[in-house]
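Novice: Chain residues, written in single-letter form:
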Amino acid sequence: MNVLIDNSDLFVTGFKNTGILFVISAFFALILGTIVAGMRVSPAPAMRAAGTLYVNAVRNTPLTLILAFFALGYPKLGLPSIDFMTAAIIGLSLYTATYVSEAIRSGINTVSVGQSEAARAIGLPFLQTLTLIVLPQAFRSVVPPLFSVFIALLKNTTVAAGFSVFESGAIRAYLSERGEPLLPGLLWVALIFVVLVLGILTPLQRYLEKKWRVAR
Amino acid sequence: MSAVLFDVPGPKARVRNVYLNIITVIVVVGIVGFILFRFYESGQFTAKKWEIFTFPLVQQKFLEAIGATLSAFGVAAVGSLILGIVLAFGRLSDTKWVRVPCYWFTELFRAVPLLILMMIMYYGLSSAGIKGITPFMAVVVGLILYNGSVLAEVFRAGIESLPKGQREAGFAIGLTKGQVLRTILLPQAVRAMLPVIISQLVVIMKDTALGFLILYQEILFYANFLGSQIQYGSPVVPGLMVAAATYVGLCLVLSGVAKLVESKMSSRVKVVKAKVGVAG
Numbered sequence: 001m002n003v004l005i006d007n008s009d010l011f012v013t014g015f016k017n018t019g020i021l022f023v024i025s026a027f028f029a030l031i032l033g034t035i036v037a038g039m040r041v042s043p044a045p046a047m048r049a050a051g052t053l054y055v056n057a058v059r060n061t062p063l064t065l066i067l068a069f070f071a072l073g074y075p076k077l078g079l080p081s082i083d084f085m086t087a088a089i090i091g092l093s094l095y096t097a098t099y100v101s102e103a104i105r106s107g108i109n110t111v112s113v114g115q116s117e118a119a120r121a122i123g124l125p126f127l128q129t130l131t132l133i134v135l136p137q138a139f140r141s142v143v144p145p146l147f148s149v150f151i152a153l154l155k156n157t158t159v160a161a162g163f164s165v166f167e168s169g170a171i172r173a174y175l176s177e178r179g180e181p182l183l184p185g186l187l188w189v190a191l192i193f194v195v196l197v198l199g200i201l202t203p204l205q206r207y208l209e210k211k212w213r214v215a216r
Numbered sequence: 001m002s003a004v005l006f007d008v009p010g011p012k013a014r015v016r017n018v019y020l021n022i023i024t025v026i027v028v029v030g031i032v033g034f035i036l037f038r039f040y041e042s043g044q045f046t047a048k049k050w051e052i053f054t055f056p057l058v059q060q061k062f063l064e065a066i067g068a069t070l071s072a073f074g075v076a077a078v079g080s081l082i083l084g085i086v087l088a089f090g091r092l093s094d095t096k097w098v099r100v101p102c103y104w105f106t107e108l109f110r111a112v113p114l115l116i117l118m119m120i121m122y123y124g125l126s127s128a129g130i131k132g133i134t135p136f137m138a139v140v141v142g143l144i145l146y147n148g149s150v151l152a153e154v155f156r157a158g159i160e161s162l163p164k165g166q167r168e169a170g171f172a173i174g175l176t177k178g179q180v181l182r183t184i185l186l187p188q189a190v191r192a193m194l195p196v197i198i199s200q201l202v203v204i205m206k207d208t209a210l211g212f213l214i215l216y217q218e219i220l221f222y223a224n225f226l227g228s229q230i231q232y233g234s235p236v237v238p239g240l241m242v243a244a245a246t247y248v249g250l251c252l253v254l255s256g257v258a259k260l261v262e263s264k265m266s267s268r269v270k271v272v273k274a275k276v277g278v279a280g
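So the sequences go chain by chain: A and B. Sequential numbering of the first sequence, starting at 1, is according to UniProt numbering. Sequential numbering of the second sequence, starting at 1, is according to UniProt numbering.
Simulated from the structure, these hints should not be mistaken for laboratory data.
Looking from chain B toward chain A, a few residues come up when the C-beta cut is under 7 Å (computed):
hint, residue
1, 17
2, 20
3, 25
4, 111
5, 112
6, 113
7, 116
8, 209
9, 243
10, 251
Even for Gly, the Cβ is constructed at its ideal location relative to N, Cα and C.
The task is simple: from the sequences and hints, build the whole structure.
Specialist: Laid out in structure tokens, this is it:
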């Protein structure tokens with residue numbers, strides 16, 4: 001308990017930055033992932049190919065390497081410099097977007113064929129069929145997988161600690177600088193994550209799942 | 001699948017699709033071209049930055065780094081599968097004091113970030129006076145605890161999705177609960193869940209790269225080390241490109257093997273089904 005109270009400044013700043021990373025990356029990943037999912041079911045073969053290529057390439061690359069590229073490689077390219085926080089947000093968003101896209105695509109598959117056939121029968125074009133009929137239903141059925149993706153994102157934010165972002169994963173480094181005992185410090189970090197995941201996100205997931213269930 | 005969303009394109013739609021295709025190609029070529037142009041402009045393709053990869057010693061060390069990644073992956077994959085099966089059986093147990101601890105074990109280890117688990121193993125334990133924890137052990141134990149818990153849920157879902165008759169038939173011929181689980185339910189569950197199990201193995205492969213952050217000398221660690229060689233122009237970007245290509249290659253090989261196994265298994269299931277059909 002002492003480690004937590006004596007170093008509350010570290011824990012507060014660390015988890016605040018974790019929260020910032022999580023919220024902003026989740027926002028961008030959701031937008032980009034939806035676009036990519038739309039591309040992967042579109043009538044144009046080139047769009048499908050581009051979406052598939054992006055998902056397969058990024059999903060098979062470790063997140064650590066993607067963050068390493070934006071934190072260590074990007075500054076070598078002579079482009080406008082970005083701080084490590086922004087670099088981490090870009091990396092996390094690009095990585096998470098592939099998982100969001102796959103979740104939404106599987107959700108699109110759960111919408112019964114009759115729905116889009118009916119939409120086409122009343123003359124809606126592809127984009128309207130997708131955005132007015134299919135996606136709203138798909139989003140409801142993908143709440144559980146999408147939440148799992150975001151829970152993974154929350155845990156993945158800790159990787160940014162390896163690339164000079166002061167968030168929850170970096171608390172260890174600051175604790176050892178202060179000469180504090182590391183094991184209790186790390187166990188506190190783990191416990192806070194357990195509370196965030198099991199105490200907040202998982203119940204929220206169950207609640208939304210029940211509330212938005214589609215009757216089929 | 002995608003035919004769900006649109007009809008067979010007519011003349012107008014075909015013209016529109018051609019435009020869409022052209023626009024997509026222009027955008028993709030634009031993005032990739034810009035990245036490559038920046039790489040070229042900032043001198044990432046100069047011979048000096050790639051020269052380091054021509055040394056036999058560097059190549060040998062790089063192979064050793066790939067070996068380190070693969071050995072961590074191999075041990076962690078086998079360990080996770082075993083732990084997953086044990087935990088899944090534990091959660092299906094009739095005894096409360098086996099079921100409840102297994103439940104909390106899987107829930108807790110799925111909720112803690114893997115990097116934090118590895119840090120607890122590597123930094124935490126050694127600071128608490130436990131000596132002799134190597135980065136390899138920390139990486140492997142972290143991976144096993146996390147992925148074992150994830151796989152336990154996969155196995156359990158697979159077993160619970162099986163028709164009730166399978167279990168009942170097992171009991172009817174006098175098998176014990178453990179025998180039913182081991183010989184009847186688990187083999188079917190593994191087959192049904194194979195795609196999920198394989199994708200989890202790909203996750204283990206990728207997560208070995210977290211070892212880089214606790215100083216395990218795997219692919220990414222070595223690539224980063226090469227990037228710090230100033231006399232070769234600090235080839236950070238070339239190093240990361242080679243590392244990325246290696247990881248994507250390894251993961252694609254793993255997925256390829258998975259597809260092969262899957263098609264073999266599903267063909268066998270078909271044969272069994274056909275036989276049943278003939279007999280019926």
